[in-house]
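Q: Residue-level listing of the chains:
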Amino acid sequence: MTDIDTTIVARQGLTAKDFASNQEPKWCPGCGDHAVLQQLKNVMPELDVTPENVVFVSGIGCSSRLPYYMATYGVHGIHGRALPMATGLKVSRPELSVWVATGDGDALSIGGNHFIHTLRRNPDLNVVLFNNEIYGLTKGQYSPTSKIGLRTVTSPSGVIDQPFNTAALTIGSGGSFFARAFDRDGKYLRSILKRAALHKGTSLVEIYQNCPIFNNAAFEAFATPDNKADNTVYLEQDKPLVFGKEKNKGIRLEGFTPVVVDLDKGGFSVNDLWVHNESDINKAGILARFADAFSHSEEVLPRPFGVFYAETRITYEDALTSQIKDAQKNGSGTLAELLKGDSSYEIK
Amino acid sequence: MTDTQKTTRQVNVISKTSVSVLFAGDSGDGMQLTGTQFANTVAIRGSELNTFPNFPSEIRAPAGTIAGVSGFQLQFSSKPVYTPGARFDVMVAMNSAALKANLKDLHRGGIIIAGTEGFDEKNLKLAGYPEGANPLEDGTLDNYIVFPVPVLQLTREALKESGLSGKEVDRCKNMFVLGLLYWLYTLPLEGTIETLQAKFQKNIQMADANIKAMKAGHNFGDETELFANLGRFDIAPQKQHGTYRRVTGNEACAIALTAASKKAGLELFLGSYPITPATEILQTLAKKKKYGVKTFQAEDEIAGIVSSIGAAYGGALAATNTSGPGLALKTEALGLAVILEVPLVIINVQRGGPSTGLPTKPEQSDLLMAMFGRHGEAPLPVIAAYSPVDCFYTTYEAARIAIEHMTPVICLSDGYLALSSEPWKVESPDNLAEIKPRFQPARSPEEPPYLPYKRDDRLVRSWAIPGTKGLEHRIGGLEKQNETGNVSHDPENHELMTKLRAEKIARIADSIPLQSIDNGPQKGDLLVLGWGSSYGAIKTAVEQALDEGLSVAHAHLRYIHPFPKNLGAILASYKKVLIPEMNCGQLLHLIRSTFLIAPVGYSKVQGVPFNEMEILAKITDLIKEI
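First to last, the sequence lines map onto chains A and B. Sequential numbering from 468 applies to the first sequence in the numbering used here. Sequential numbering from 2 applies to the second sequence in the numbering used here.
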């Protein structure tokens, strides 16, 4: 509770404390989940919501315990099924603010089918995907996002499965919003969560989240101040892709290929760089592939953080509601009408 | 016309009480449509009626083969009928495969109307007749009355100036047959004419051709000498005055869910994945948007039930429908619904199993899965419908129990009920039981904290839905502390919660009706105890046995878990209990272990329903032994 930002004044006069339940989080000390929970509590007062209109839905895994720690409504479901549960709730109660807490195993392995189908349908859900590249609650087995070669209890000789690229999967599934954030960068995380909440449609936020017990330092390349500047690029709408400790590196698009250029060496200026446009799905697709380039190619591309892609598209529940309204334009059906049907006949 | 009238006068019209007809042909011959039209006509005229479509799981199995035979059986009558008839009196066989596949179920001396073009060399070979054999010519059908009719040729002649293509003309041949059957049973053509005009309103040429083919079939009856010795038949309608509609079991389930939502003042949400033979429930509800119904075609069976659980948590009347393989996939989520204690209706339309089994054929083999198919101690109510119309009342009851007792309820139907139909006297809204959701009202900060698992005297918890101020609470699949609902791993608490959940279901027995005897004496030699779609066959068999003076009664269970409180006493009132089931003895197992008695089981697992003759024979045998 030490990290509560008291500067936030909500419309309803609520603070982060009003969103904290009386249950003590049972995550390991040092787990990234604590930080994400904190930012979720912090962001709530910034949104136009009251606790009774917010529901957190989760599946199974460490991150899926999150609903118990929020003073909102919450359902802790079964493994992999948070997204359909949240969809059912949102479809039947469109006015609620529905959030999903899920992990890389929950969302991308056992719940993989629901993941892709939810994204294409686009119900207005805020999905917070805690990606720690490991199974924590079952004690350290590799997950669908574990890097090739990672030695775990179920991959003693190293992982041989190609990991999922969450960003590419989201965009490929027809997702309308993808952003990436980091557990340690609280303020930035909060700003991304706010963007996600304001996006109408399924917002997928992938959070790199450290598991200190089973996969410690998996994201070290983006964590320490030394590494971070050179290995990450923060996306800002209409701004060029600049990074590096001295802000002297940039990304240029040569054809469809992103290339790192040194702005100090002459030849290229900021004006030659890729300008971020989050409504460009083709560019979002290339950004999504930066992660693959990081592990496979000679060229080391920085890992993008921020909103890759945001598209305004009708939500599933709005489309359904509008069909119902249309069917009811001459009045809604009565029980008597229903029982009689439209092919009844009279026996005289 | 004078000629026709003259001919008509020569054919006697004979009154009959009931008749069972089978329309059989290739999957592409339009037999389902023909049967449905015939059924509509007799229903609208006011006859008692029961129908049974029987078709292969392939959409178009190889033409002309036994595998491709599609049939529509119906019985209509001047008195109540509960089955499509153990055997049929009349069979329309559009081809040799249809004849071969169904001949064993035709009464000896029954009528065969054979479309002769379906008995050419090619068709006979496809049906597997030995070379040179043709049942229409070789005397093998001497025990039946056979009318070979060149249906295709006559249809082509009737439609030669229709302007339709040859293929389109040929597809009208089922209407020729329908017209001929209308003639044979002195039934009016008007209803079907109206239906065809509505169906083909954008293609008047097609409507006219179908109507013309049907009239040609009717005129053929008038003109041909073929039926002169047989006569025509009249089955006088006897139904009581009133407004009726015809429903299949699946339609009745869908209407019931919508009606229950209206009565309870809740929105209906159906999360579902298409599966034979349950899909029509989703299809029917998708068309009920006017009633505010929300259907969600999920990506799989699991998402179907889980989305419904989400909607139930939000305060909707939530339901999911499926068949055996889908129920298997839903079992983990059922456990969640049990521990969350949210209302949920699961309609399981049983089919032959295991695995893909017999997708289009009925079986009653999911009873034990419905009872016990969850991990952990996870009891829930199980109820079963016994007729197409009863699918309405049983599904409605499932919704009532789910909402009033905050529990998932499994409602069992099967492929026979799902697709069969019968006339239903339109129900009045006032006759439907009230359904009262137990919503928890908002709480002010001064009041004591909300306890989501605090129970009333029926052990039912309240329904606190999101959006209600002061009731914010978290629940989930982890075991919860009594009353507070907080996560708890305490050993004694787990045992207490396990027992509370079971006792809550057991206490539902306090609010359901006592078991009644459907027919027969309250005490006697033999009780036939049934459940589900075998109702009609048992009912008819017991009626006949009683006519023969046997001491036999029939009780049919709707409530299987919990059982009605008086069931033990009823079972003890007869010397023997017979339990016919389309499985290897699942209710038998439950009755034995619950009441420590030894009933006699009667199994049939052939993917076809029991017929009354089989059950009557079993009753007679058992009574002889007493």
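Read the hints as simulated data drawn from the structure, not as lab findings. Errors might be hidden in some of the hints.
Covered stretches of chain A, as calculated for chain B (at least 3 residues, CB under 8 Å) [as the list claims (entries may be wrong)]:
{"no.": "1", "segment": "532 to 541"}
{"no.": "2", "segment": "674 to 683"}
{"no.": "3", "segment": "779 to 793"}
Distance ranges between label pairs, derived from CB positions [stated by the list, open to error]:
{"no.": "4", "chain 1": "B", "residue 1": "P514", "chain 2": "A", "residue 2": "G579", "range": "57 to 63 Å"}
{"no.": "5", "chain 1": "B", "residue 1": "A434", "chain 2": "A", "residue 2": "E804", "range": "43 to 49 Å"}
{"no.": "6", "chain 1": "B", "residue 1": "E496", "chain 2": "A", "residue 2": "S640", "range": "50 to 56 Å"}
Restricting the straight-line Cα-Cα distance to at most 27 Å, the calculated cross-link-like pairs of lysine-lysine (DSSO-like) are [as the list claims (entries may be wrong)]:
{"no.": "7", "chain 1": "A", "residue 1": "K792", "chain 2": "B", "residue 2": "K264"}
{"no.": "8", "chain 1": "B", "residue 1": "K619", "chain 2": "A", "residue 2": "K667"}
{"no.": "9", "chain 1": "A", "residue 1": "K807", "chain 2": "B", "residue 2": "K470"}
{"no.": "10", "chain 1": "A", "residue 1": "K706", "chain 2": "A", "residue 2": "K661"}
{"no.": "11", "chain 1": "A", "residue 1": "K815", "chain 2": "A", "residue 2": "K796"}
For glycine and all other residues, C-beta sits at the position ideal for the given N, C-alpha and C.
Q: Lying within 43 to 49 Å: is that true of the beta-carbon distance A434 of chain B to E804 of chain A?
A: violated, 20 Å
Q: Is it true that the CA of K706 of chain A sits at most 27 Å from the CA of K661 of chain A?
A: holds, 20 Å
Q: Hey, K619 of chain B versus K667 of chain A, does the alpha-carbon distance stay inside 27 Å?
A: violated, 65 Å
Q: Checking C-beta pairs, does the segment 779 to 793 of chain A have three or more residues closer than 8 Å to chain B?
A: holds (count 4)
Q: Given the hint that K807 of chain A pairs with K470 of chain B, does the C-alpha gap stay at or below 27 Å?
A: Not OK: K807 of chain A and K470 of chain B at ~40 Å, beyond 27 Å, violated.
Q: Under 8 Å between beta-carbons, do enough residues of the segment 532 to 541 of chain A, three at least, approach chain B for the coverage claim to hold?
A: holds (count 7)
Q: Using C-beta distances, would you say chain B covers the segment 674 to 683 of chain A, given that this needs three or more residues below 8 Å?
A: Violated, because only 0 residues of the segment 674 to 683 of chain A bring their Cβ atoms closer than 8 Å to Cβ atoms of chain B.
Q: Assess, step by step, whether the Cα of K815 of chain A is no farther than 27 Å from the Cα of K796 of chain A, and give holds or violated.
A: It is violated: about 34 Å lies between the C-alpha atoms, which goes past 27 Å.
Q: Do the beta carbons of E496 of chain B and S640 of chain A sit within 50 to 56 Å of each other?
A: Violated: the Cβ-Cβ distance is about 44 Å, outside 50 to 56 Å.
Q: For a C-alpha distance cap of 27 Å, please report whether K792 of chain A and K264 of chain B respect it.
A: Holds, because 21 Å separates the two Cα atoms, which is no more than 27 Å.
Q: The hint says 57 to 63 Å between P514 of chain B and G579 of chain A; measuring C-beta to C-beta, is that right?
A: violated, 46 Å
Of the hints listed earlier, those the structure fails to meet are numbers 2, 4, 5, 6, 8, 9 and 11, in rising order.
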